[in-house]
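K.L.:
Sequence:
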Amino acid sequence: MPEKPSVLFVCVHNAGRSQMAAGWLRSLAGDAVEVRSAGSVPGDQVNPAAVAAMAEVGIDISDQRPKVLTTEAVEASDVVITMGCGDACPIFPGKRYLDWQLEDPAGKGVESVRPIRDEIE
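With my numbering, you'll find the sequence shown wraps up at 1499, consecutive numbering, no jumps.
Derived by calculation from the structure, the hints in this document are not laboratory data. Bear in mind the structure is a predicted one, so any value in this text is a computation, not a measurement. Among the hints, a few may not be true.
What the hints assert, rightly or not - Lysine to aspartate or glutamate pairs mimicking DMTMM-like chemistry, simulated, CA-CA at most 20 Å apart:
no., residue 1, residue 2
1, LYS1445, ASP1422
2, LYS1445, GLU1412
3, LYS1473, GLU1453
4, LYS1486, GLU1499
5, LYS1473, GLU1412
6, LYS1445, GLU1434
7, LYS1382, GLU1412
8, LYS1382, GLU1453
9, LYS1486, GLU1497
10, LYS1486, ASP1496
11, LYS1445, ASP1482
12, LYS1473, GLU1450
13, LYS1382, ASP1422
Please work from the sequences and hints to get the whole structure.
P.N.:
Here is the structure:
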């Protein structure tokens, strides 16, 4: 049986965009895809507005914690999707990279986070 594909979502703080993207993929793909998220400079907690915005669509990311981006996480992933981490994201040959241009939800209320959530979906 082939290994399941793995996706790594990366943003600066691993507190908003990458957490919402990981939540969406876990919800949509279930156990068919291994989902990881990390940040180049992780925050202290997941943005409460991101948690609330995802809860509105029935996805619970409240148990997630920001994680530091490691070489091992990148090497273990088939696809790496970056969201504004720029040069802080390591590049490895043979990996598929996508860069999503998304507004950073840091410091924003749930009303401002909803459109970012919807764009990720």
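K.L.:
If a hint holds in the structure, say so; if it does not, say that too.
P.N.:
Evaluated hints:
| no. | hint | verdict |
| --- | --- | --- |
| 1 | LYS1445 / ASP1422 | holds, 9 Å |
| 2 | LYS1445 / GLU1412 | holds, 16 Å |
| 3 | LYS1473 / GLU1453 | holds, 8 Å |
| 4 | LYS1486 / GLU1499 | holds, 19 Å |
| 5 | LYS1473 / GLU1412 | holds, 15 Å |
| 6 | LYS1445 / GLU1434 | violated, 24 Å |
| 7 | LYS1382 / GLU1412 | holds, 7 Å |
| 8 | LYS1382 / GLU1453 | holds, 15 Å |
| 9 | LYS1486 / GLU1497 | holds, 16 Å |
| 10 | LYS1486 / ASP1496 | holds, 15 Å |
| 11 | LYS1445 / ASP1482 | holds, 17 Å |
| 12 | LYS1473 / GLU1450 | holds, 13 Å |
| 13 | LYS1382 / ASP1422 | violated, 30 Å |
In summary, the structure is inconsistent with hints 6, 13 from the numbered list given earlier, while agreeing with the others.
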